[in-house]
Amino acid sequence: MNSFFEVLNHPVEAFRNNNKVAAWLLVASTILINSVFEPLLVWFAGSWYTDPDIYLMLRTTLLGCVSYLAICAVFWAICKCFGSKTPLKTYFQTWGLTFFPTLLCSITVAFSEAFFTVFWNNSIWGLLISIVFAGILIWKTILYVIFIREVTGLKGGRMIGAFIVAGIMIIILALLDGYVGLKTPIL
Amino acid sequence: MKKDKKTYTILYNAALPTNKQKEKMLVHILSEYRKYEASPTEKLFRLITVYPWRFAFGLSAVQAVLCTMIWGTGYTNMVLKVLGG
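Here the protein sequences line up with chains G and P, keeping their order. Take 1 as the starting number for the first sequence in our numbering and just add one per residue. Take 1 as the starting number for the second sequence in our numbering and just add one per residue.
None of these hints come from the bench; they were simulated from the model. Incorrect hints may appear among the rest.
To be verified - Computed list of chain P residues with no C-beta within reach of chain G, every gap over 12 Å: (1) Lys-43; (2) Phe-45; (3) Ser-60; (4) Asn-77; (5) Leu-80.
To be verified - Not the full set, but computed from the structure, chain P residues with beta-carbon under 10 Å of chain G: (6) Tyr-8; (7) Phe-55; (8) Phe-57; (9) Gln-63; (10) Thr-76; (11) Leu-83.
For every residue, glycine included, the Cβ atom is placed at its ideal position computed from N, Cα and C.
Bound-form chain G, shown alone (with noise of 0.2 Å):
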């Protein structure tokens, strides 16, 4: 529990401690979230008259896994043409720890999916929503320069450069997420 708190607070020690077991557990809910428990939940509040695909769900928990894996070989590659030294496996390792916001994200999406109607044309609704949503985007950015400048071992311009490099492609990897059916980006 312990470990999770530090991921939640003191995110620069909880890199340097590189505590896998948190990491991937992180990884593992926010994938079970997306492709079990959201299609779930839209079922039950009853939003689409349609019933839960075994199927789609085991579709989306493989494409998450695969989501999770690319992004970090993606962040290798380009942190090793920037000069890293990190093997790939640290990133495996340690990218999970940015997944606090993701996980909060999956559920909110989930809520705002299942009940979209609630926050639709509601602006006190509308408003706290939006607080969630750009607060996990602020959260998620923090973490990612923390991650990139903890884990990547990188300096000055080359960090910067990587930090850049590695934005654009989250940004198409979360577009391809969308595109695949994946409602927030294993990334």
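With chain G fixed as given, assemble chain P onto it according to the hints.
Okay, now just chain P, sitting in the frame of chain G:
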């Protein structure tokens, strides 16, 4: 017995640092402190990276309130449409 006590006091006083040594220690501590004193950028980085959710949701609340005051539900609907799945 009295003699013993005096001997111990002499030994105790001899083990204490002199004023010159104390001053040297103080200078050393101050110079070490200056070495670890954070620059304003480091202080800002620390403020953001310790409890990052606090900074993120604080900033987000300010922008959401301002944008909702300016554009009303048009803004909240746009956020919901873009990020709401």
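Hints, one by one, checked against the model:
no. : hint   : in the structure
1   : Lys-43 : holds, 14 Å
2   : Phe-45 : violated, 9 Å
3   : Ser-60 : violated, 4 Å
4   : Asn-77 : violated, 6 Å
5   : Leu-80 : violated, 5 Å
6   : Tyr-8  : violated, 48 Å
7   : Phe-55 : holds, 7 Å
8   : Phe-57 : holds, 4 Å
9   : Gln-63 : holds, 6 Å
10  : Thr-76 : holds, 3 Å
11  : Leu-83 : holds, 4 Å
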